[in-house]
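Trainee: Sequence:
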Amino acid sequence: MKQYHDTKGNPFASLSPAVWRASTVVFDNFEDFVARKSRQPDGYSYGLTGTPTNRELERAIAELEGAKHCVGFPSGQAALMATVMAFVRGGDHLLISESCYGALKTFGKKWLSQMGVDVEFFPPAIGGEIQKFLKTNTKMICMESPGTVTMEMQDVDAITSIAKRNDILTMIDNTWASPLFFKPLEHGVDFSIESGTKMFGGHSDLLYGSVSLNNFDQYSVLRETQSILGLNCSPEDCFLVLRGMETFELRLRKQSASTLKIAYWISQQPQVKKLFYPPYEGDPGYPVWKKQFTGSGPLFSFSFAEDNEKAIAAFFNNLKMFSIGASWGGTRSLIGFYPASLQKAREFSLTQDALVRVAIGVEDPQLLINDLKNALLAWESAL
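Oh and the sequence shown: position 220 is 220 in the working numbering, straight run, nothing missing.
One or more of the hints may lead you astray.
[Stated by the list, open to error] As a list, the in silico DMTMM-like pairs of lysine to aspartate or glutamate whose alpha-carbon atoms are at most 25 Å apart: (1) K320 with E306; (2) K373 with E281; (3) K290 with E186; (4) K68 with E224; (5) K105 with E129; (6) K132 with D118; (7) K139 with D118.
[Claimed, not checked] Okay, the calculated beta carbon distance ranges per label pair: (8) T136 with R59: 31 to 41 Å; (9) F33 with K290: 53 to 63 Å; (10) S113 with G66: 18 to 28 Å; (11) K373 with I228: 47 to 57 Å; (12) N29 with A103: 38 to 48 Å; (13) P270 with R332: 22 to 32 Å; (14) I228 with R59: 22 to 32 Å.
No wet-lab data here; the hints were simulated from the structure. The beta carbon of each residue, even a glycine, is placed where N, CA and C say it ideally should be.
Required output: the full structure, derived from the provided sequences and hints.
Mentor: What follows is the structure in structure tokens.
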């Protein structure tokens, strides 16, 4: 990763970036203070919009994304919500993929729809068919590819092509692939959103989100939105993300290789009904993944051959190496459970089955396979 802090000629030339903490920024004179708002979006007028530590991280992420600009937020969730809030207003039509992050869908249903926004959900495994969902007032299309839990792939190229022709903004949650394996801006997406909580931070000990983009005017609006909504990022967390990014590529390539091995193994087990993982050739999203992505994230889902609550509990309670948790992207493997009721409640559901979501860390993949094997035997014995 490129080093942004200058060490040449510095009497304390540390390889590690400094942590600049501040709430109040002072000014040299009256004129500077009066014109303080003109310092944005890149400069410093108040600690709320960042210090040099925040800017260093934003520049590093922008470089990874192939973007001109980046705005950091205190979580991936905050980055998603702020992007919508910055550009969508009452009377606009907002399209959200059914497999987007749950909090974004809830925000649309329970908040934006009460503010006069026409919120509509579309099938996650879609491409050019998005055309039939467009309205004259469609303002933005929200994507996540692959989708949360059910891992559907959207044809991003087809969607952005149609969006551009209709002057519609597009955003995507790109956390699964990260900019290492997919660069949304190169595929016509306006806003590439990452949950830095996951792969960038990489150690399950912080919250961070980022929005990368190329348009300066939109960048100015996003920075203002960050300020107005009070979505400041801790410089200490920014420092930790910067530190995590030094090993980001090493970790992700290791985790990706392990995930491929484990996912293919689990697809062959008799206790497993279906694997949900686009890099798997039997997955319906495989053609899109193969065409548009250059690698795979450390996350997949699967369903059991039989939806038996007692057996599922036995599976989870017999795991030794996997911790039970809802997040992912860290060095330690995690596993989570999503009951059938969640899938049945969706408007466009890929499955009616309960799902297990598996996040692979940096442990020995064979040890993780052995752990899953023992847990699957416990599931079978409990039937």
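Trainee: Taking the hints in turn, state whether each one holds.
Mentor: Here is what the structure says about each hint:
no.: 1; hint: K320 with E306; verdict: 23 Å, holds
no.: 2; hint: K373 with E281; verdict: 22 Å, holds
no.: 3; hint: K290 with E186; verdict: 16 Å, holds
no.: 4; hint: K68 with E224; verdict: 17 Å, holds
no.: 5; hint: K105 with E129; verdict: 21 Å, holds
no.: 6; hint: K132 with D118; verdict: 16 Å, holds
no.: 7; hint: K139 with D118; verdict: 10 Å, holds
no.: 8; hint: T136 with R59: 31 to 41 Å; verdict: 39 Å, holds
no.: 9; hint: F33 with K290: 53 to 63 Å; verdict: 56 Å, holds
no.: 10; hint: S113 with G66: 18 to 28 Å; verdict: 34 Å, violated
no.: 11; hint: K373 with I228: 47 to 57 Å; verdict: 52 Å, holds
no.: 12; hint: N29 with A103: 38 to 48 Å; verdict: 44 Å, holds
no.: 13; hint: P270 with R332: 22 to 32 Å; verdict: 28 Å, holds
no.: 14; hint: I228 with R59: 22 to 32 Å; verdict: 23 Å, holds
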